[in-house]
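Hey, can you work out the whole structure from these sequences and the hints?
There are 2 protein chains.
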Amino acid sequence: MKLDDSIGFLINQTGRKLSQVVNHYFAAHEMTSEQWSVLARLCEEDGISQKELAARVSKDQTNVTRILDQLQRKGLIVRMTNPEDRRSFLPSVTPEGRQMYERMAPLEEQVIALAIQGLDEKEVAKLKELLQRIANNAARQL
Amino acid sequence: MKLDDSIGFLINQTGRKLSQVVNHYFAAHEMTSEQWSVLARLCEEDGISQKELAARVSKDQTNVTRILDQLQRKGLIVRMTNPEDRRSFLPSVTPEGRQMYERMAPLEEQVIALAIQGLDEKEVAKLKELLQRIANNAARQL
DNA sequence: TCAAAATAGTTGCTATAGCAATTATATTGG
DNA sequence: CCAATATAATTGCTATAGCAACTATTTTGA
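Protein sequences appear in the order of chains A and B.
Numbered according to my numbering, the first sequence spans residues -18 to 123.
Numbered according to my numbering, the second sequence spans residues -18 to 123.
The hints are simulated quantities; they were obtained by calculation from the structure and are not laboratory data.
Among the hints, erroneous ones may be present.
No copy labels: a pair is met if it fits in one copy or bridges any two.
Unchecked claim - Cross-link-like lysine-lysine pairs, in silico, DSS-like; alpha carbons within 25 Å at most:
1. Lys55 to Lys40
2. Lys55 to Lys32
3. Lys55 to Lys109
4. Lys103 to Lys55
5. Lys(-17) to Lys40
6. Lys(-17) to Lys55
Take a look at the structure:
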């Protein structure tokens, strides 16, 4: 089997290229696609723990700790103490963080719109479904 | 638009999960999915320059330099001088490297087989086609 | 009740990813 | 011809990714 026939290689290659474009647009705002994904998730589900956040962005908890460090350094989130469990923090988006998210979201959407140029709605829906099924299959193997 | 609706997020998330599984199987052989992809490409197209190799795996040239460092450290490749251009090297797979590739390839294929469980041939072909089109769209934006 | 086990988060280490600057060599244009 | 430019690879810097070890708490169970 050739490398080009590997679905794994193709998925990662495509993802890498998409990230490159998004990061290119985000760079002027000192933002990265990964930081944005964490910020976006937090905007959607404020008040969850770091552990829960990690699960919701499919990232390692260690990794989320460090991405939150970056976001906190820039004043985009704060770590609230959890009154129910003093081991955990509840990261919370600041007004500056929400503003950043709202400024970046259209950029991200624009890149995606260009990336799926030529695909019709049905194809996009099918693609999402297939990727989701593969992600579920992979998750079961861990 | 919610994060879960972003094709970019979904592609990267799925790729990350697949890499996790592959790396899990490869770890016992001190191999990673990324090192394997570079080694596999070299096995397919021996005698190309590092610059060409980088293009063929869609990785940064800097990154390829360092992945080759790893492979060389393990004796899986050597850097041949290029008689036509003394600036460049022609990385070449050693017998040990080829053996490693052949030992890992079935593992990778097995992970992929489990990952696409439940998808029929037509769906896999369609998925590859759509990803390729998105990758091409993204590449044009750089 | 309270020692043992489990859990949330962090830190240290290594690998991958990409940008900017540097070095060595090749190519080009006056 | 040779100075200016371009190119291949490397190094330095920072961010992302994940494993293992550690700290501080919480939960469990005898």
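*asked:* Hint compliance check: list the failing hint numbers for this structure, sorted ascending.
replied: 3 and 4
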